[in-house]
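J.: Read off the chains here:
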Amino acid sequence: MSDYLVKIEHERLSFFTPVGEVKALNDVSLHVSAGEVLGIVGESGSGKSVTSYSLMGLTAYPGRIVGGDLWFNEHHINAMTEKQMQKMRGNEVAIIFQDPMTSLNPVYTVGNQIREVILLHTNKTKEEADARAEELLKLVGINEPKKRLKQYPHELSGGMRQRVMIAIALACEPKLLIADEPTTALDVTIQAQIIELMIDLKNKLGMAIIMITHDLGVVAGMCDRIAVMYAGKIVETGTTDEIFYSPKHEYTKGLLKSIPRLTDKGHERLVPIEGTPVDLLNPPAGCPFASRCDNCMKICLREMPPAVEFSETHAAQCWLNQKEQMEGENA
Amino acid sequence: MSDKLVQVDHLFQYFPAGGFGKNKKYIQAVDDVSFFIDKGETFGLVGESGCGKTTTGRTLLRLYEPTKGRITYNDKVLFDSGDVPYNNEDGSIKTGDDGKPVYGKKTAVDMLPYRRKMQIVFQDPYASLDPRMTVGDIVGEAIDIHHLAKNPKERYDRIIEMLERVGLNSEHANRYPHEFSGGQRQRVGIARALAVDPEFIVCDEPISALDVSIQAQIVNMFEDLQKEMGLTYLFIAHDLSVVKHISNRIGVMYLGKLIELADSYELTFHCAHPYTKSLISAIPVADPKTARNSKRIVLQGDVPSSLNPPSGCRFRTRCPYADEQCAAEAPEWREISKGHYAACHHLDRVN
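Protein sequences appear in the order of chains V and Y.
Note that the working numbering numbers the first sequence so that position 248 is 248, with each residue one more than the last.
The working numbering runs 331 ahead of the 1-based position in the second sequence.
In case anyone wonders, no lab produced these hints; they're calculated from the structure.
Hints may contain errors.
Calculated lysine-lysine pairs in the DSSO-like style (CA-CA distance at most 30 Å, straight line) [to be verified]:
1. V:202 to Y:626
2. V:257 to Y:353
3. V:175 to Y:626
4. Y:399 to V:265
5. V:257 to Y:620
6. Y:626 to V:257
7. V:202 to Y:620
8. V:253 to Y:558
9. V:257 to Y:608
10. V:265 to Y:370
11. Y:370 to Y:608
12. V:138 to Y:626
13. V:204 to Y:558
Use the sequences and the hints to build the structure in full.
T.: Written out as structure tokens, the structure reads:
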């Protein structure tokens, strides 16, 4: 086995809906080392959440993993029973969901919900668990933790609820934290608070983070490596600098060009990616991005491009790179 | 004759929120907001959720009846509560011969003729289109209401023209909203607003619900339409980088108050108000090197409730510069350089 904390190899996952098989993930491979922050970027429906949920065995019916291997911390996820899964979930790997309004249970107090995790995974008594819950709230920067423990989610603001979610996730000091768009539902000033908190906690506790988002600004500030997903495939992976300063896939390039930047002095027209995302019910034969790509070639429509490596960390799946490489060799 | 198309003076919008008699409570959604929009310009409004930017936009169109204030469109008063004094050119209160302030006449005009000129594009393209109407009928409804087509043929042609203008085609007219993606639906919403040949459009977070790659398409379309049809926009969004991109001037709101207003370049690079400063620094920069080196001003705490806003300056509970003066009195709205306004007691100390 490798020394990666998470290793996903050629995962394929489909949703078997009444209208047909939706191929949500199509040959996805990625890895995360201990203590590393990996950002997964992509638009809605690109499979970024599905990838990380499947790692926790949370694939919703009618979805099923149809191929590939998933490894987490020496566990072979594909072969695990639900019971083993329950032991791992919340203990070794934890998740923060996008919407803190709906992911907390409205009829239990905050304290109750944090305690539940602790009691489930450790041998602590109720009193010890309460003390730990208080400690956790303090850790995530909530004032008057004693009072907050007795409150219900509706009494807290959005930013506070997200802090409570983080406290629950960190209760058993997981090795991996999956953050699924943790700041999308929050305001900018609150978003800054939460991101600051996550970086701070990562440095303190040394866990790895998978950060799922569609906001390139968020990943730029906090991730070590980035994987760009499009239509159920990872089209490009690399370190943050490689992705931002030398993107190799046309989709990544388009994405970077299409966002307005606050620091632009003049008024430059945005360069949008034309067209709409592909229908995963009938994915095209070749590269899924071909129909929206400005530099589409004949081969793009026929065959899926192989991954081309540019450095140890940087790889992209695009025929253009293949072409450039071949031209380079011939010259 | 001024070139101001829309002018808002001392606009208040309070929503009742329970209680009886003396204890009646109000949500102070918009509190004394004044600004104007020139013809052909894009005016941006930014702020966090709950700060009253959407309410301002809707009250401006009188989709909500204002609690107090005056709304002027093209030199015609659409609404006047009768207790808002007129201002002189320099901003001071206009006084009559007897030394008393001059008030407007209490007015509330019939909006129907103005609805043709003032339109709105809503935030959520999933909720703002009737699922049981075809796209053609959605766009055609406004044409029917204003009797803009003499016969069915003319109506149809007009619908198709609008759809084509926003990048859809005639084949789309017979389909229902659920058959479209988010970006396409937003295009339908825009076509509906354009159908009556408006002069002024309130864009209420028109791109927030869309994917990043689609956002740029819609932003560019707004710019193209403005050039072609000479439109004036009030562009409301919480994403300052988008607002800065599209707007000529920007107003920043916090808890129902306008706290800073300036030219968009001036606002992004020389902002004066501490809230604007923190707002700008909180925006994640899509550039790893700058993101690593920049120091964020992270505000503490949450936005207070507009049911019971803090006394004096409403930002004082989160402001690093706050002192007794901020709690005692509300800061004055003053011009700090030409066209750049801010409301803060400690502008000298902040800058």
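J.: Now tell me, hint by hint, if it's right for this structure.
T.: Hints versus structure:
no.: 1; hint: V:202 to Y:626; in the structure: holds, 19 Å
no.: 2; hint: V:257 to Y:353; in the structure: violated, 56 Å
no.: 3; hint: V:175 to Y:626; in the structure: holds, 29 Å
no.: 4; hint: Y:399 to V:265; in the structure: violated, 39 Å
no.: 5; hint: V:257 to Y:620; in the structure: holds, 17 Å
no.: 6; hint: Y:626 to V:257; in the structure: holds, 25 Å
no.: 7; hint: V:202 to Y:620; in the structure: holds, 20 Å
no.: 8; hint: V:253 to Y:558; in the structure: holds, 28 Å
no.: 9; hint: V:257 to Y:608; in the structure: holds, 26 Å
no.: 10; hint: V:265 to Y:370; in the structure: holds, 24 Å
no.: 11; hint: Y:370 to Y:608; in the structure: holds, 29 Å
no.: 12; hint: V:138 to Y:626; in the structure: holds, 24 Å
no.: 13; hint: V:204 to Y:558; in the structure: violated, 53 Å
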